[in-house]
Each structure stands twice: as structure tokens, then as C-alpha cells.
Amino acid sequence: MRKFLSLSLLLLFASGCAMIPKYERPQAPVPAQLPGTGTGLEGAQNPAELPWREFAQNEKLSQLIELALEHNRDLRLAALNAESLREFYKIQRAELYPNLYASGGGARQKSSRHFLMPGQDRRGNHFQADLSLLSWEIDLFGKLRSLSESALQEYFATEEARRGAQIMLVSSLANAYLALAAENESLQLAKDTLQSQQEALDLVSKQFEQGLITELDLKRAQIPRDSARVDVAQYGRQLEQAKNALQFLLGCPIPDELMPGPLSSLPQTAALAPELESEVLLQRPDIMAAEHRLLGALANIGAARAAFFPNISLTSSIGSASTQLSDLFSSGSATWSFAPQLAMPIFDARVWAAHRVSKVQQKLALTQYERAIQNAFRETADSLVLCQSISEQVQAQETLVKALTQTYELARFRYEKGIDNYLSVLDAQRSMFAAQQGLISMRLAEQSSRWQLYSALGGGTQ
Numbered sequence: 227m228r229k230f231l232s233l234s235l236l237l238l239f240a241s242g243c244a245m246i247p248k249y250e251r252p253q254a255p256v257p258a259q260l261p262g263t264g265t266g267l268e269g270a271q272n273p274a275e276l277p278w279r280e281f282a283q284n285e286k287l288s289q290l291i292e293l294a295l296e297h298n299r300d301l302r303l304a305a306l307n308a309e310s311l312r313e314f315y316k317i318q319r320a321e322l323y324p325n326l327y328a329s330g331g332g333a334r335q336k337s338s339r340h341f342l343m344p345g346q347d348r349r350g351n352h353f354q355a356d357l358s359l360l361s362w363e364i365d366l367f368g369k370l371r372s373l374s375e376s377a378l379q380e381y382f383a384t385e386e387a388r389r390g391a392q393i394m395l396v397s398s399l400a401n402a403y404l405a406l407a408a409e410n411e412s413l414q415l416a417k418d419t420l421q422s423q424q425e426a427l428d429l430v431s432k433q434f435e436q437g438l439i440t441e442l443d444l445k446r447a448q449i450p451r452d453s454a455r456v457d458v459a460q461y462g463r464q465l466e467q468a469k470n471a472l473q474f475l476l477g478c479p480i481p482d483e484l485m486p487g488p489l490s491s492l493p494q495t496a497a498l499a500p501e502l503e504s505e506v507l508l509q510r511p512d513i514m515a516a517e518h519r520l521l522g523a524l525a526n527i528g529a530a531r532a533a534f535f536p537n538i539s540l541t542s543s544i545g546s547a548s549t550q551l552s553d554l555f556s557s558g559s560a561t562w563s564f565a566p567q568l569a570m571p572i573f574d575a576r577v578w579a580a581h582r583v584s585k586v587q588q589k590l591a592l593t594q595y596e597r598a599i600q601n602a603f604r605e606t607a608d609s610l611v612l613c614q615s616i617s618e619q620v621q622a623q624e625t626l627v628k629a630l631t632q633t634y635e636l637a638r639f640r641y642e643k644g645i646d647n648y649l650s651v652l653d654a655q656r657s658m659f660a661a662q663q664g665l666i667s668m669r670l671a672e673q674s675s676r677w678q679l680y681s682a683l684g685g686g687t688q
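End of the sequence shown = 688 in the working numbering, gap-free, step of one.
I should point out that these hints are in silico values taken from the structure, not numbers from a laboratory.
Since we're looking at a predicted model, the values are computed, not measured.
Below, a list of computed lysine to aspartate or glutamate pairs in the DMTMM-like style, where the Cα atoms sit at most 20 Å apart:
no., residue 1, residue 2
1, K469, D300
2, K585, D574
3, K286, E483
4, K469, E296
5, K432, D443
6, K445, E425
7, K643, D653
8, K628, D653
Derived DEER-like restraints, expressed as beta-carbon distance ranges:
no., residue 1, residue 2, range
9, A459, V611, 33 to 41 Å
10, K589, Q494, 43 to 51 Å
11, F573, E363, 20 to 28 Å
12, I449, Q289, 42 to 50 Å
13, A579, G330, 41 to 49 Å
14, D443, V611, 43 to 51 Å
15, G462, Q600, 40 to 48 Å
Where is the CB? At the ideal position from N, CA and C, for every residue including glycine.
Please take these sequences and the hints and turn them into a complete structure.
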């Protein structure tokens with residue numbers, strides 16, 4: 227009989243462990259190789275394993291990232307959310323174990339004489355002390371273990387969301403830092419252009435006073451000076467807005483010593499690995515979070531399956547009782563109770579509906595997981611294309627700036643020699659200034675695209 231009981235309990239526990247469906251990682255619905263890798267990227271390290279400090283290669287930016295990781299409120303909210311889910315998992319896990327309570331009490335009462343024998347004292351005392359086990363559900367079929375596993379996977383998912391928030395913060399802060407550096411350089415270019423235009427206007431004004439040029443030439447010379455003043459005001463405003471954006475991400479005032487210089491003076495980021503397979507995307511926090519939610523959905527199926535089996539709970543207590551406090555723990559005052567309870571659903575439509583819902587939620591989690599992989603593949607592929615093409619654009623823009631600078635110098639020389647009018651100088655200068663500003667924008671896009679690729683590949687958590 228004892229062997230039969232042990233074997234029965236073993237089978238019950240084994241059945242409880244088998245309630246959760248076996249997990250097999252779904253095949254990624256994307257090509258095995260990321261497009262374009264191996265052309266234009268040189269390096270040797272997986273981006274997800276490359277610390278952001280090594281990738282940045284910029285001490286000022288690294289210090290700002292450290293400040294942001296400490297002070298940014300969005301990251302703090304993500305961490306608190308993960309902490310909350312961790313404590314919820316502990317609550318769910320505690321359901322597996324019995325809860326033991328100690329209690330004690332006393333009472334004094336007066337009874338009706340109609341319920342007592344003649345001469346019996348109407349007043350009486352009652353003292354009691356107990357150690358109780360209240361409604362402990364014995365998890366023979368794995369319902370509580372399944373719910374605990376579901377809570378654990380949900381906590382893991384929120385922890386991955388916290389890692390994703392950190393990746394987003396690191397990338398966003400780097401882009402804000404680069405944008406501030408670009409605005410700084412654009413403002414300085416606008417100021418230099420304004421100074422050059424003012425000097426040219428002063429020269430033209432003297433020529434007008436000497437009667438060497440017409441008033442029309444003078445007015446034409448005033449136009450680029452006034453336009454340059456507008457540009458200085460515009461880029462000054464954009465610089466302040468870029469500071470505000472960086473400070474918001476930082477979560478605290480920007481130290482003066484960490485303000486960036488011109489964009490062209492900043493160091494380049496580290497190179498990334500040339501050969502990248504789609505499998506590296508599985509390390510992204512958003513994909514890992516989706517996978518944990520899929521595992522949690524499978525655990526919910528296990529809990530729904532276990533609901534079809536009997537629910538066994540146990541309530542018991544041991545203690546002592548006496549009419550006198552001094553006799554509470556004396557011999558013969560011991561009390562105990564043992565009250566097991568079994569409940570099995572015979573007909574409960576809610577149990578069947580809950581099982582169907584758990585299966586639908588598992589399919590939903592699977593679809594979300596596959597969609598997360600496809601979205602990650604698209605983001606990474608777009609970043610790769612941008613990284614590989616923007617460098618060529620920067621080189622072409624540098625050549626254009628050089629050619630337009632030479633054109634402006636030649637136009638100004640011809641004007642000073644009296645060969646051409648001032649209109650040709652104005653056209654050449656406008657084209658040169660626009661090309662220089664375009665070069666700053668392209669360099670910003672080049673630097674930002676590297677950070678975009680780094681974060682798309684899951685870099686930024688270390």
C-alpha cells in the first residue's frame with residue numbers, strides 16, 4: 227500500500243510538470259544573413275558584446291552617458307517596473323508553500339441560567355493558543371507552478387524592456403550630443419559667413435562712396451549680409467533647442483566641461499563586425515522580451531490545463547485551550563484539527579473558456595515574437611544600407627564643397643578685377659554656404675547612422 231501511494235504521488239507530480247507545453251524556439255521568419263554585411267563595415271566584434279564606452283571612443287560622451295544612466299527618468303521608470311514585477315513573482319512563488327500563523331486569545335462570558343445546571347457558575351473563561359495552517363493548496367497538478375512560471379517570464383520580459391530602454395537612451399543621448407555638436411558647427415559657420423559678408427559689404431560701401439559701383443550693387447551686397455544675420459539667429463535658436471533636448475535625456479544640467487565642440491572635431495566610433503547573421507538579432511531586448519512572453523503564455527496553458535484536475539487544500543491547527551490562563555499549557559490542554567478539502571470541476575464552462583483563451587494568447591504571443599524579429603531585421607537592414615551609402619555621400623559632398631569654395635574665390639577675384647559684376651559673387655557664395663551646411667548635415671547623418679546600427683544590433687547594454 228505504501229509503495230502504491232508513493233508511486234501515485236510520483237505520477238501526480240510528474241503530471242504536474244508536464245502540464246506546460248514543451249517549448250521549441252520558432253524559426254526566425256527572416257533571411258539567415260543580414261543584407262549587405264561584409265561590404266563597408268570593418269571590425270571583428272559582435273555589436274551586442276561591444277560596450278558603449280568602447281564604441282563611442284569619446285570621453286566626454288561617455289561621461290554624459292554615465293550621467294544619463296543615473297539620472298534619466300524614463301530609465302528609472304523602466305527599472306521600477308521591473309522591480310515591481312520581480313516582487314509580484316515572489317508573491318506568486320510564495321503560493322507554493324504553506325502559510326503558518328500563530329494566534330492566541332481569551333474570552334470571559336456570562337451565560338443564561340436557562341442553559342446551565344442548578345448551582346453551575348454562570349461566568350466562565352476561555353483561553354486559547356494555536357499554530358495554524360490555513361487553506362494551503364497542495365500543487366499536485368502544477369497549477370501554482372505554472373502561474374509562478376508565468377509571473378517569472380513576465381518579470382524577465384520587463385527586465386528585457388529595461389535593457390531596451392537603456393539601449394534607446396544610450397543611442398538617443400549620443401544622437402542628441404552629435405546634433406548639438408552639429409548645431410554648434412553650423413552656428414559658427416553662419417557667424418563666419420556673417421563676418422565675411424559684413425567685410426564684403428564694407429568694401430562695397432567704400433566703392434559706392436567713390437562712385438565706382440552703382441546703388442544696385444550696394445543693395446545686392448546688403449542682401450547676403452542680412453541673410454547671414456537671419457542664419458545666425460536661426461542656428462542660435464536651434465543650438466539652444468539641441469541643448470534642451472540633450473539636457474532632457476541627461477536628466478540633469480549639462481556640465482560645461484562636457485559640452486561638445488564642432489562636429490568635425492569629434493572622434494569616429496569604433497568599427498563593427500563585417501559578417502553579421504540574422505541570429506545576432508535574437509539578443510535584442512525587444513525580441514528576448516517577446517520570447518519571454520511567449521514562454522509565459524505557454525505557462526498559462528499549463529495553469530489552464532491543471533484547472534481541469536482536483537484542487538486539494540489543507541487547513542490544520544495545533545494548540546492548547548483552557549478555562550484558566552495558568553493551565554493553558556498544562557497537560558491535557560492540547561488541541562488539534564485537520565481539515566483536508568478536495569474540489570473537482572464537474573461542469574464549469576469557465577474552465578474550458580480559460581483553456582481556449584490561453585491557447586489564443588499563446589498564438590498571439592507567437593505572432594508578436596515573429597513580428598518583433600521581422601521588425602528588428604527591417605531596422606537593422608535599413609541601418610546597414612544607410613551606413614554603407616552615407617559615407618559615399620559625405621565624400622561626394624566634400625568634393626562639392628571644395629569645388630564651390632574655389633568657384634567663390636574665383637568669382638570674387640574676377641569681381642575685384644572688374645571682369646564680372648557682384649551678382650556672380652553672391653550666387654557663388656550662396657551655393658558654397660548651402661554646400662557647407664549640407665556637409666555638416668551629412669556628417670551628422672553619418673555619425674548618427676553608426677549609433678543607429680549599433681543600437682539596432684542590440685548594443686548599448688554594457
